[in-house]
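So the sequences go chain by chain: U and L.
Here the first sequence stands for residues 1 to 110, where the numbers follow our numbering.
Here the second sequence stands for residues 111 to 221, where the numbers follow our numbering.
What follows is a set of in silico ranges between Cβ atoms, one per label pair, in the way DEER data are often shown:
#1 G138(L) / I7(U): 33 to 39 Å
#2 R217(L) / K102(U): 18 to 24 Å
#3 E193(L) / A68(U): 42 to 48 Å
#4 K59(U) / V122(L): 35 to 41 Å
Simulated from the structure, these hints should not be mistaken for lab results.
Cβ atoms here follow ideal geometry from the backbone N, Cα and C, with glycine treated the same way.
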Amino acid sequence: GQQVMQIPQYQHVQEGEDFTTYCNSSTTLSNIQWYKQRPGGHPVFLIQLVKSGEVKKQKRLTFQFGEAKKNSSLHITATQTTDVGTYFCPWYQAGTALIFGKGTTLSVSS
Amino acid sequence: EAGVTQFPSHSVIEKGQTVTLRCDPISGHDNLYWYRRVMGKEIKFLLHFVKESKQDESGMPNNRFLAERTGGTYSTLKVQPAELEDSGVYFCASSQGHTQYFGPGTRLTVL
Numbered sequence: 001g002q003q004v005m006q007i008p009q010y011q012h013v014q015e016g017e018d019f020t021t022y023c024n025s026s027t028t029l030s031n032i033q034w035y036k037q038r039p040g041g042h043p044v045f046l047i048q049l050v051k052s053g054e055v056k057k058q059k060r061l062t063f064q065f066g067e068a069k070k071n072s073s074l075h076i077t078a079t080q081t082t083d084v085g086t087y088f089c090p091w092y093q094a095g096t097a098l099i100f101g102k103g104t105t106l107s108v109s110s
Numbered sequence: 111e112a113g114v115t116q117f118p119s120h121s122v123i124e125k126g127q128t129v130t131l132r133c134d135p136i137s138g139h140d141n142l143y144w145y146r147r148v149m150g151k152e153i154k155f156l157l158h159f160v161k162e163s164k165q166d167e168s169g170m171p172n173n174r175f176l177a178e179r180t181g182g183t184y185s186t187l188k189v190q191p192a193e194l195e196d197s198g199v200y201f202c203a204s205s206q207g208h209t210q211y212f213g214p215g216t217r218l219t220v221l
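Please model the entire structure based on the sequences and the hints provided.
Below, the structure written as structure tokens:
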């Protein structure tokens, strides 16, 4: 079945440094979504990418979808302590269930 | 617009007891999902309703779990009898398209 691997699993940065997480699929994705979960919180939808090569920005966050639609990345510029949490790129299985991997857990020290 | 709400936020019960979790989706969302995250594990899909019908319940762990969505509005998830391994956070999500919006979750502790 479809597998999406996300790296790194953990990342610690100093406040102000940049951060990037990557999702790589074994098969072509119709779309990819990104969620953020703060410690003790729930997954919060960030964005959906649909088109090959798509790039979207939300303030300091830049999301990319690969040309082959098999990989995606989330880049945060100049991290802040509010960026702490786990970032997920879940994928759909059988059209209904979102499959969550381990995500990338980001910690930021000030 | 109100988001997905869940009740209770926390529940502590003893093994063998029954617990019912409730989820109120975003108004107008036909799709309602239940997920669970047990300690140290990934978020796992339990089931999916479209209106009042179960579209996919392949993630339900066993017959101690019963989900309902009478009238196609709110949903309940009952665990009877609860076991220790049922402890975790139960999330509900709703959607009207591809994007699923999650509720704050119910943290269930079975002692």
